[in-house]
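Number of protein chains: 2
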Amino acid sequence: MVGLTILGNNSALPAHERHPTAQALHWDEQIYLIDCGEGTQTQLSRYKIRRSKINHIFISHLHGDHYFGLIGLITSMGLMGREASLHLYSPPGLEDIINLQLKIADTRLPFPLHFHPLQANAALLSDKHVTVHCFPVMHRIPCWGFLFVEKKAPRSLLKEAAIAAGIPQVFFGRLKWGEDYQHKDGRLVRNDTVTTAAAPPLSYAYCADTLYMPSLAQVVAGVSLLYHEATFLHDEAERAQSRFHSTAVQAAQLAQVAQPQRLLLGHFSSKYEVLDEFLKEARPIFPSTDLALEGVTYLLKPLRRPSIVPIAKG
Amino acid sequence: MVGLTILGNNSALPAHERHPTAQALHWDEQIYLIDCGEGTQTQLSRYKIRRSKINHIFISHLHGDHYFGLIGLITSMGLMGREASLHLYSPPGLEDIINLQLKIADTRLPFPLHFHPLQANAALLSDKHVTVHCFPVMHRIPCWGFLFVEKKAPRSLLKEAAIAAGIPQVFFGRLKWGEDYQHKDGRLVRNDTVTTAAAPPLSYAYCADTLYMPSLAQVVAGVSLLYHEATFLHDEAERAQSRFHSTAVQAAQLAQVAQPQRLLLGHFSSKYEVLDEFLKEARPIFPSTDLALEGVTYLLKPLRRPSIVPIAKG
Numbered sequence: 015m016v017g018l019t020i021l022g023n024n025s026a027l028p029a030h031e032r033h034p035t036a037q038a039l040h041w042d043e044q045i046y047l048i049d050c051g052e053g054t055q056t057q058l059s060r061y062k063i064r065r066s067k068i069n070h071i072f073i074s075h076l077h078g079d080h081y082f083g084l085i086g087l088i089t090s091m092g093l094m095g096r097e098a099s100l101h102l103y104s105p106p107g108l109e110d111i112i113n114l115q116l117k118i119a120d121t122r123l124p125f126p127l128h129f130h131p132l133q134a135n136a137a138l139l140s141d142k143h144v145t146v147h148c149f150p151v152m153h154r155i156p157c158w159g160f161l162f163v164e165k166k167a168p169r170s171l172l173k174e175a176a177i178a179a180g181i182p183q184v185f186f187g188r189l190k191w192g193e194d195y196q197h198k199d200g201r202l203v204r205n206d207t208v209t210t211a212a213a214p215p216l217s218y219a220y221c222a223d224t225l226y227m228p229s230l231a232q233v234v235a236g237v238s239l240l241y242h243e244a245t246f247l248h249d250e251a252e253r254a255q256s257r258f259h260s261t262a263v264q265a266a267q268l269a270q271v272a273q274p275q276r277l278l279l280g281h282f283s284s285k286y287e288v289l290d291e292f293l294k295e296a297r298p299i300f301p302s303t304d305l306a307l308e309g310v311t312y313l314l315k316p317l318r319r320p321s322i323v324p325i326a327k328g
Numbered sequence: 015m016v017g018l019t020i021l022g023n024n025s026a027l028p029a030h031e032r033h034p035t036a037q038a039l040h041w042d043e044q045i046y047l048i049d050c051g052e053g054t055q056t057q058l059s060r061y062k063i064r065r066s067k068i069n070h071i072f073i074s075h076l077h078g079d080h081y082f083g084l085i086g087l088i089t090s091m092g093l094m095g096r097e098a099s100l101h102l103y104s105p106p107g108l109e110d111i112i113n114l115q116l117k118i119a120d121t122r123l124p125f126p127l128h129f130h131p132l133q134a135n136a137a138l139l140s141d142k143h144v145t146v147h148c149f150p151v152m153h154r155i156p157c158w159g160f161l162f163v164e165k166k167a168p169r170s171l172l173k174e175a176a177i178a179a180g181i182p183q184v185f186f187g188r189l190k191w192g193e194d195y196q197h198k199d200g201r202l203v204r205n206d207t208v209t210t211a212a213a214p215p216l217s218y219a220y221c222a223d224t225l226y227m228p229s230l231a232q233v234v235a236g237v238s239l240l241y242h243e244a245t246f247l248h249d250e251a252e253r254a255q256s257r258f259h260s261t262a263v264q265a266a267q268l269a270q271v272a273q274p275q276r277l278l279l280g281h282f283s284s285k286y287e288v289l290d291e292f293l294k295e296a297r298p299i300f301p302s303t304d305l306a307l308e309g310v311t312y313l314l315k316p317l318r319r320p321s322i323v324p325i326a327k328g
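Chains as they are written, first to last, in the numbering used here: chain P, 15 to 328; chain R, 15 to 328.
You may find that some hints are simply not true.
Which copy is meant is left open, so a pair is good if it fits within one copy or across any two.
What the hints assert, rightly or not - PhoX-like, lysine-lysine: derived pairs with alpha carbons at most 25 Å apart:
no., residue 1, residue 2
1, K165, K198
2, K67, K285
3, K62, K285
4, K173, K294
None of these hints come from the bench; they were simulated from the model.
Work out the full structure: start from the sequences and follow the hints.
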């Protein structure tokens, strides 16, 4: 299963039973944690998300509503006897904060912590599931978005077509990775006549606290799921700008250009108890918009493509 | 109203819907916050306790389950526009932690923070309601208990008796503070014949994470309400000792000597989902024992004394 579970969708002040920002991105058996506001460890328990599956935590910026829950999660992992390394990606400064608190508590963690300070547009991680990049967004202090892209899948072999084209079975593996086949007599079998493209890679873009940045559309173009903050409604556009936040309309405008499969809005200001209005403002601009609701898992789904008819035999 | 609201009663790992340690001590319009585990600000909201009434926060020690919620509470107070000073009493180190986090977030609070590092048996505070002292307990790192004692109340005037004894009305105020009255002819009117003692002062003792220390009984003798940690049951007494914690039996044994009006047990290990056993072990030793349950307010009540019959007139 590839999907995103929202653990917190509120901005700085917790209110209306909503929590500060945290998201768990499931990628098969691996879970990537994105931001970690106060109470994240409790939210993980509530939604039965196993901490032991989290090996990488991405912190967008060092405002408290995005990381005050981290030290508690880390110490709890220690109390539970974790031994596996934990990787933390964040703007510089986090290492000092965490280490100072561990030192004063005289706590020695039973597992290694690796701090990875974020730098311009760096590739942060490449494991068997995904590659993860960060990209700068515009906030009051250094702040980053994250882009998760599925590792490229092999193409699907049209076995009957390949046999009909006289390609030896030993070459089939190379066909899956896109190679053409040349017969000894020089005849060329083009790869796209004997394979179909794999589904385009799944991808998730997280645009944390940021001013509306139209240029982000290029960075997040065509992702399967786009999360964009929408702290305010349109009538508070000035306030949003002065606080380096965005509105629902702006998030939808970005999506209108970037054309993700689906847009999720979050980081709602505590002034809004009811959230319907965010959808009312965003959907006319980008219909495939939803609210990021706590406890809900939003699946990343492969794009449906027109089915490809295998070429005729012989 | 003078009473203690429990905001968190669990030990380090949050579990079973229980939260790490935090308590709100109401003293008329003032609220003293004692410890501040992760999620305390949310618990304050849940139980409708107004943050603006909190001017003094007492942190027993710098293990995370007793203070990780503090930075979130402080920044939220700032976001809500607080202007009043906030006083923080804790072992040394807290100031560095809080200031580092504020600095990295580029946060300037709109109110003054005053840090008061704890020292041996010091008087921390004397306001119109209470005096507060700290006293050392024994834990893995420096750790303190807190004793809140009501300011001495004036004696109650037996007005008819005072008039009958010929004491001029202008002296009545001094009678309330315990003075005898001497007539010009040398006759003495003893204070206790024209006043009755005020109720003994209300008092609350908080014995945070600690080994069983029989010597504490002297410090907390006769308090109206005694909170003592009871992380484990009796069959885990060795484990309790090795971790510098106490058992329910030990807390009750302390109360048996100190004779508070009431004993509250808390800081339960996450290994216990059901807590009845704590009472079963403690009450045979000290019957007036209760569990510190989240959301419950335990009143501090004046001792009932035998009613005093005013002396006969004339």
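query: So which of the earlier hints does this model not fit?
result: 1 and 4
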